[in-house]
Structure formats: structure tokens, C-alpha cells
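Peer 1: One letter stands for each residue in the lines below.
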Amino acid sequence: MEFSEDDSMLNQSDYDYDYDVVTPCSYQNNHSVALVVGQYVHSVIFVLGFLGNSLVIVTYAFYKRTKSMTDVYLLNVAVADLLFVLSLPLIVYNELWSWPMGPVACKLLRGSYSVNLYSGMLLLACISADRYIAIVQARRSFRLRSLAYSRLICALVWTFAFLLSVPTFYFYNWYEPSHTRDSFLYEREERNRTFTRDAFPYEGEERNRTFTRDAFPYEGEERNRTFTRDAFPYEGQEANGSSRSPHYVCEFSFMDDDAARTTKVAVPSTQLAVGFFLPLLVMISCYSAIVVTLLRARNFQRHRAVRVVLAVVAVFLVCHLPYNVALFHDTVSMFQQQTCEASDALQVAKTVTQTVAYLHCCLNPVLYAFVGVKFRNHFLRIVQDLWCLGKRYIAPRRFSRVTSEVYVSPRRSVDGSNDNGSSFTM
Amino acid sequence: MANRNVCFILSLVIFTSFIRSTESVSCCLRYTRRPLSHRRLLGYTIQTINNSCDINAIVFHIPGKFVCADPLMKWTQRGMKYVDERRKMAQIAEKRIRGSA
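Chains as they are written, first to last, in full-length UniProt numbering: chain Z, 1 to 426; chain B, 1 to 101.
Hints are computed from structural coordinates only; laboratory data are not their basis. Every residue gets a Cβ at the ideal spot worked out from N, C-alpha and C, and that includes glycine. Treat the hints loosely; a few may be bogus.
The list that follows gives simulated cross-link-like pairs (lysine-lysine, BS3-like), each with its CA atoms no further than 30 angstroms apart [said to hold, decoys possible]:
| id | chain 1 | residue 1 | chain 2 | residue 2 |
| --- | --- | --- | --- | --- |
| 1 | B | Lys65 | B | Lys88 |
| 2 | B | Lys65 | Z | Lys350 |
| 3 | Z | Lys264 | B | Lys74 |
| 4 | Z | Lys374 | Z | Lys67 |
| 5 | Z | Lys374 | Z | Lys391 |
| 6 | B | Lys88 | B | Lys74 |
Over the 12 angstroms line for every Cβ pair with chain B, so calculated as not near, a few chain Z residues [as the list claims (entries may be wrong)]:
| id | residue |
| --- | --- |
| 7 | Val104 |
| 8 | Leu281 |
| 9 | Phe300 |
| 10 | Val318 |
| 11 | Arg376 |
| 12 | Asn377 |
With the Cβ distance kept under 10 angstroms, some of the chain B side facing chain Z (calculated, not the full set) [what the hints assert, rightly or not]:
| id | residue |
| --- | --- |
| 13 | Cys28 |
| 14 | Leu29 |
| 15 | Val59 |
| 16 | Ile62 |
The task is simple: from the sequences and hints, build the whole structure.
Peer 2: Below, the structure written as C-alpha cells:
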């Protein structure tokens, strides 16, 4: 408004006001950080997470049939984490190569990322509730901790996680950023449709229509090239235009302003609430009750159990708190004007803390499964069997027997759920 | 078998790092306060919150630069109108040339 009477400015020298001109922010720092983190750190996370979680699944599949409620949860956490780390290299690959895998992969990868994030976090909350019932409410434990219950709860968790991810599935789209379609005054190509029809694209209904069609976030390589080119960024663009490979992104895109405003806040808010605060709250209340009970008990292994509890909560906090703080900050300041430096710094923080959060799925197998004595014993048997397998080049009898037993009689596993609190390994 | 797959995917991921740098979204995050002179305007693009950027903006193209402008400011709207009119005239001129040829 302060420049509404600006005609006097129009004849000024071109160089008078270039010093305070604001240009689009290209997030240079985040770019370089994402480049290193996205490839090297994520590769390490992928390998560790893949090995750890598939070992858990293999152990359950062949040796330790899911006998108790805890087993069912641990198996489900391992499955969620495994799916998550499997999608990680695909996401990295696609982001580096401008999404060559297309629109279906875009929706599936972004969606499965979200489903696995929610299910993983909610299952950790379920595990803490399960341990609470086993240790603090030991009397009711026999009734409440049945296999059928736990399977039902897992099914509910996955359904819930899926429902929470529907907006992600729906609004993430694979598209070519429209800077290739944008309008340059001296271009010879016919583009009159945009600017003859929408002479005033900023008013009312007309605006929505225009904005939907011509949203140009200036993404990618093309943008860099154009921006750095000297005087006439549009000249020769056509010549390049026909030869350059199409560049795609997989990002949020909306039909109108309202949907954009709502979803852009709702998705990270849900992630903060259900993907972090809810499980954190459940874990802290359950585990603090457990610690109190354990400290009163006379079990000689109680100190070990308390240490395990503390480790579980501490790792959860260390992994997820930084990212969620960054996410919160980002969400709160979303539609406000910002400086490029501040926004870039925030994006760097998000990239780095997100990687720390990813580390959690490599640590879960250690924190939850391998910390258990029984589980470790089963696992050691696998190692032995594999060793023998490698030595003899033939399947040892025991291996095949156990395998067939699993397939023949899955029902027998419904028996004992009374190894209470075994998940801590006491 | 599993190990071989791991190695394959790992090498794939690492391999990509040598080929190409990443892309990132570029957005206007705030607006230029001072109006631009009309004769410097070469064109404009519209940035909306409907995609990955979080504020609406008009991006004016001036020689060597892209400049973020507030779509609600009068000078921005006048600048856009100016660009549109010049563009229309250029098209009419072009049609005439084509018609005579």
C-alpha cells in the first residue's frame, strides 16, 4: 500500500533500486547438505535397518513363533521399519533423478513412508502399553494380553496409519514444474491463453483458476540455468526446450488455495500429534509406572530392566524430538514472509534431524528385540544353523523340521502368553 | 542372496552421487518493497501456495534477475498488466506480419 502511488518511481534509473530487490530463494545450503546426507548417511541407515529388521523377521518366521502379544508387536514394528528402509533408497534415487519412476511410484513411496512412520510410532506406544499391563497390571494381564487381541490391535494400528496417510496419498503428485510453461514476453511460442484471458489474475475467482494452472515454483536444474544466465534468460529457451529432458517433482499440489492452506498445516500437525506426542505421552506414562513397580520389586534383574526402559525412552526422544521441533517451527511459520537465510537454515535443520529420526528404525531391533534373552537365543540358533548350512552345503535336518512345523501348525502357537515381561528380557 | 541385493542397491545409491547434483525447489519467501520500472519488465511468472511454495507471489523477470513481488500491491498488478498489453501488441504485430507475408 505504501507504494500505491508509485508512478514517480517508474522513470528512475534502473540501478537505483537493485540493492533491495528480493529474488527467489534456492536453498543452497540445504541443497548441499541433502546431497551428502541423502546419499551417504541414508545408505548406512538403509543397510543397518535392512539387516537388523530382516533378522528380526527371519527369527520370528523360522524359529520363534509369535507366541505372545509382545512378539506380535515386535514383528509388526520390524515389518514397518523394514518397509520404511526399503522405501528410503527409492525415495533418494527418485529425488536425485527427478522422479523417473513416475506418478504411481510418487504416490506409493510418499504414502508408504507416511503409513510406516505412523504405524511404527503407534506400535512402539502399544509395546509400552503391553509392558505396562504385563508388569503393573499383572493380574489382568492374562486376560488382556491374548494373541487375538494383539492381532486386532495391530490391524487397527495399520488401518489408522493408513487413514492418516490418505491426504499424503492424495495430495502428493508427480508433475513437471510449470516453469517450462511459463510466460515470457518475447517468446515466439503461442502462449496467449494465459495472459490474454487472465488480465487480472489476482482478483477473486479468477485468481484461483489462474493459480491452479500456472503455479510455477521454479524447480530444479532448469531454474538454476535460467537464473544464472545473463541478460535475457528467455532467449533461446525454445531451442533448449525441445531438447532438454523433462524434469519432474513429487510434491504437494492442490486445486485451490483453501485446500493448500488446510492440508499444508494439517499434514505436519497430524504428524506432530499422532506421530510424536501421542506415542511419547503413552510411553512416558506407561514406562514411568513400570519403573516405579520395578524399583519396588525384589527381582534381581530389575536394574537391567530399568536401564532398558530408560534406553528405550531416551533413544526415542533423542531421535524424534529434534526433528519434531524443527517440523513444529516450520509449520508455525509456514505462510509468513521469511528471509532466505533463515528459511534455508531451517530446511538444513529439518534435513539433518530427519536423518537422525530415521536412525531410530535401525535401533529398534536392538532396543526391542535383541535386548531380550530369549530372542537372542533364538537368533544365535539361526547363526549356528546358517554356519552349519554354509559348512555342509546342505540343509541340516533341524532347520527343515522347524520350518515345516511352522507351516503345518500355526495354531499351536496360541498357547502360552504368560511369559510376562519377557520382552525386557528378564 | 540378500547380501548381493544390499550391495547392488547400496552401490546404486552411491553411484548416483557422482552423476548429478540434486535439485531443490526455489521459492519466493518475501517480497521486494520497491516497485520496479516498467521498462525493465520482460515477463512474469505466478508462484502460488498450491504447489510446494508457501506464499503467493508474482515473479517478475528483469534482465539478469528474477524479482519477487507481492501480488496484492498495486504496482505489481500494474506491472503485470503492462506486460500483458505489450505481449498482446506483439502478437497482433506478428499476426500482421504473417498475414502480409
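Peer 1: Please go over all the hints and tell whether each is borne out by the structure.
Peer 2: Verification of the supplied hints:
Distance hint between Lys65(B) and Lys88(B) is fulfilled; the C-alpha atoms sit about 23 angstroms from each other, no more than 30 angstroms. Taken as a hint, the Lys65(B) and Lys350(Z) pair is honoured in the structure, with Cα atoms around 29 angstroms apart against an allowance of 30 angstroms. Taking the CA atoms of Lys264(Z) and Lys74(B), the gap is near 28 angstroms; set against the 30 angstroms cutoff, the hint holds. Distance hint between Lys374(Z) and Lys67(Z) is fulfilled; the C-alpha atoms sit about 12 angstroms from each other, no more than 30 angstroms.
Taking the CA atoms of Lys374(Z) and Lys391(Z), the gap is about 26 angstroms. The hint holds against a cut of 30 angstroms. Between Lys88(B) and Lys74(B) the CA atoms are separated by roughly 21 angstroms; this keeps the pair inside 30 angstroms, and the hint holds. Remark: the non-interface label on Val104(Z) is consistent with the geometry, its nearest Cβ contact in chain B lying 20 angstroms away (cut-off 12 angstroms). The non-interface label for Leu281(Z) is consistent with chain B: the shortest C-beta to C-beta separation is roughly 29 angstroms, beyond 12 angstroms.
No Cβ of chain B comes within 12 angstroms of the Cβ of Phe300(Z); the nearest lies about 39 angstroms off, and the non-interface call holds. Every C-beta of chain B lies more than 12 angstroms from that of Val318(Z), the closest at about 25 angstroms, which supports listing it as non-interface. Residue placement check: Arg376(Z) keeps its beta carbon more than 12 angstroms from all beta carbons of chain B (closest about 21 angstroms). Distance check for Asn377(Z) against chain B: the nearest CB is about 23 angstroms away, which clears 12 angstroms, and the non-interface claim stands.
Restraint check, Cys28(B) versus chain Z: the minimum CB separation of about 5 angstroms is within 10 angstroms; hint holds. For Leu29(B), the interface hint holds, since its Cβ comes within 10 angstroms of a Cβ in chain Z; the closest pair sits about 5 angstroms apart. Of the supplied interface hints, the one on Val59(B) holds, with its beta-carbon coming within about 6 angstroms of a beta-carbon of chain Z, less than 10 angstroms. Given the 10 angstroms rule on beta carbons, the hint for Ile62(B) holds: about 8 angstroms separates it from the nearest Cβ of chain Z.
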